[in-house]
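Visitor: Residue numbers (this note's numbering), protein chains in the order written: chain A, 1 to 348; chain B, 1 to 348; chain C, 1 to 348.
No wet-lab data here; the hints were simulated from the structure. Heads up, some of the hints might be wrong.
Identical copies go unnamed one by one, so any copy, or any two together, can satisfy a pair.
[Unchecked claim] With a straight-line Cα cutoff of 20 Å, these simulated EDC-like cross-link-like pairs (lysine to aspartate or glutamate) come out:
1) K301 <-> E335
2) K85 <-> D193
3) K200 <-> D270
4) K321 <-> E332
5) K7 <-> E341
6) K322 <-> E332
7) K197 <-> D211
8) K248 <-> E318
9) K248 <-> E22
Remember, predicted model here, so these are calculated numbers, not experimental data.
One letter stands for each residue in the lines below.
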Amino acid sequence: MMHQTTKIHRTAGELAAFLGCELRGNAGTKIAGVASPERATSEDVIYLESPRHFERVLKSRAQCLICPSGAGVAGKALLISAEPKIAFARAAGWLIPPGPIVDGIHATAVIAASASVAGGVSIGPYAVVEEHASIGAGTQIGAFCFIGRGATVGESCRLHPRVTLYEHVTLGSRVIMHSGAVLGADGFGYATDREGKHWKFPQLGALEIGDDVEIGANTTIDRGSLDVTVIEAQVKLDNLVHVAHNVKIGRRTLIAAQTGIAGSSVIGNDVVIGGQVGIGDHCRLEDRCVAGAQAGIPSGKVIRRDQTVWGTPARSIERFKKQYGWFARLPEIAERLRRLEQPKPESL
Amino acid sequence: MMHQTTKIHRTAGELAAFLGCELRGNAGTKIAGVASPERATSEDVIYLESPRHFERVLKSRAQCLICPSGAGVAGKALLISAEPKIAFARAAGWLIPPGPIVDGIHATAVIAASASVAGGVSIGPYAVVEEHASIGAGTQIGAFCFIGRGATVGESCRLHPRVTLYEHVTLGSRVIMHSGAVLGADGFGYATDREGKHWKFPQLGALEIGDDVEIGANTTIDRGSLDVTVIEAQVKLDNLVHVAHNVKIGRRTLIAAQTGIAGSSVIGNDVVIGGQVGIGDHCRLEDRCVAGAQAGIPSGKVIRRDQTVWGTPARSIERFKKQYGWFARLPEIAERLRRLEQPKPESL
Amino acid sequence: MMHQTTKIHRTAGELAAFLGCELRGNAGTKIAGVASPERATSEDVIYLESPRHFERVLKSRAQCLICPSGAGVAGKALLISAEPKIAFARAAGWLIPPGPIVDGIHATAVIAASASVAGGVSIGPYAVVEEHASIGAGTQIGAFCFIGRGATVGESCRLHPRVTLYEHVTLGSRVIMHSGAVLGADGFGYATDREGKHWKFPQLGALEIGDDVEIGANTTIDRGSLDVTVIEAQVKLDNLVHVAHNVKIGRRTLIAAQTGIAGSSVIGNDVVIGGQVGIGDHCRLEDRCVAGAQAGIPSGKVIRRDQTVWGTPARSIERFKKQYGWFARLPEIAERLRRLEQPKPESL
């Protein structure tokens, strides 16, 4: 079921060396892929993170297991790790390196004479690279990608088919972009006069994407208006996310699908934002805060570091739970109130 | 106003035969299209489902009406149906077969030598069909479509321009995909280590789309991570819907625009999900349940079969209405409480 | 940081004449761009709208300021305007006219022989213009755009790369469309029979976009089913907005990102809709009403002119605030209720 473009045969011993793990059992156990316990063949590596999944692991045909010390599974080669899921993710990247998006530069790619294309770059059919754009070494540009005038793409990036970079957008290195993502479109800004006519406010700013960022399918990130929109290193955005003009997103922040961030909001480092969250303009989400799915953060609001918020308007999860608990008991409250209002027998 | 590529002239009698309906009135009434009562010409078929629209039908220039028995409209050819809207939809498909997305295989289509293209396939300008992909008989692939390595498209599918199938995605037959849809991108999965670094979790699973599925514009469906994302037959997804990795959606389920479903959730058969609904990861929505627009279903939640839920967090519509009714009366409750707290005159 | 394709040098005096503003100070002050106060060079124009930003303006290197009368900034050329932000937006459009999306008609554009292309039209690489389509004078069509059969694009439109117009969609003049937008896909309409089978309801209607409309990246607007979807002049839609079949949106209405409007709803003129708002089918939002971000407007609901609504289900902002204020105090209400329920000492 899994489609590996390159199947590399390794051994459990080699994987232990790569991961820097202790190995228990047969170092010569052959491995060639990764899988879930149920789908694994004898050559797949699996992992055990939580005791909850112990039974699944026991029944698996896999012969090589990444698990914490003391997991107590007999008959398999064990790679001992305090963070088995991380080790498994690293093992997967090592055993199954991502296949090429495209090989070489396709004859139909339209590349401006003034564009700079480094060594080892692949560009797919019908991709367009405009004047003065620059593509770093080892980067892959899929079919139908559009790299606008003066845009800069770093090294070893992977742009899946049909990605649009407007002019002068800059990407760091090792950025992954999925199909349909649009970077650098005009922000949504107008000045409305007394007759109600909307004048387009200048959307002339930049958009800078850091290293190791991943951007999901059909996600849109607008350029700054007079300022810069910045996505820092290691940020991961899911599908259909919207990031407006002048937003800053700090390092390693995770944002799930369909979340929208309005203009000039500043998101800190290591923030986690659930799906369908709405963040108004000029908000500040400090480092390591968490916004639960569908939360709504009103314009100008500050969420303090390490705080977890839920609901619309967003408040701390503790307050949300207390308030919501009573909300669910409103019919009961109303009934208790009604009883209190009835004249007491003894007052008759 | 309606743009029919092929105008076919038929009669009311021929339509009655096609639909298997009783005909009352002139079987020779000429028909050539379908319309709303107001926009109909004398050659358009219209329908009457609810008595509410009786006046509109009476005033219409249409000479051929699909209606329930006993609708009592004189002077028109009547096609008697217990389900007039269904009969009308079928009549439309028969009178106005969908026009071709593209005719023939365009000279600019880039089709890998190892791809398999069946008879009667049309492929538009600048479409790309990668190695080992397979296109079933009678399928139409619009301009700028990208059919990834090893992807399989069934028979008589209609892919509008600019659809992306990542490698190894499989579509059943008669699937309709609208422009901008992205199938098979990587799911949003990372393992975060103690330093906060996000390691990309393998996204190597499959994506399988059943027969007769329709997928709206700019909708995204991710491949499985170690498992399979499955959309079963006759599922209909509106625009800008997000379906995460490992999700299963059962037969005939309908999902309105901008709804998002997080990883590993399982949606049953004949489920109806409104617009902008958010479904957390590992939820289970059983057969025939209904989620109202903007509902939020928390991670891990089970919605029982035939249940209708509203709100965030989602609860049964009955509870929602009761709770919300009291919510709207909170200022009144507060006032009643204040009065009770006041010392009673007789205690003075 | 700002990337102007054409740098035009002007003077403060020339700008005052263009804007019809009073000028105070040196009419010969050279200007060549616009900026925020912090990023301005001595050749950039800045503006001051609110006294809050007075300090920023004082510190700026800019030598030319648009400000209200009496702003009292010495040492700069002042352009006096009662609406400085509007004047600034107009100044930006005059100093930095939008650069070309594309120059000339690229050799790889596929243009049907029956298509009509007016003078001064530019069409980018790999764009496709289908039979009987029509492109008005001075319009620019970016790379990978798809202009379907019989579609009409007015004059001086700007279609950024990778826009899809399905067949017979009509655009007015000076329309701006951002990358990934899809106009005219089939609406989400089915008739479900007693066995649960969904029959595709005809989606044969039109889609008409007025003059001066701007449409954000990856936004989708469906064609009518038997009717017409209409977006009137000067409407501005942000990114990832969804507009369903048969919707009408009145002049100058603004709709922020990720909002969805279900079938047949009618939105008036000068309406303002926040981000992530959900509007059910057959709603009516009258002129100048406002829907706050994430509001949910149930099917069939009418919002009266000039009303502002918040929340789900949407209600007037006044009621929302009162109800929500008590919601936040529910734990307190419950506690006060508990105290009232306790037997009073004197009754003992």
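Visitor: Can you list which hints this structure breaks, lowest number first?
Guide: Violated: hints 1, 5, 8, 9.
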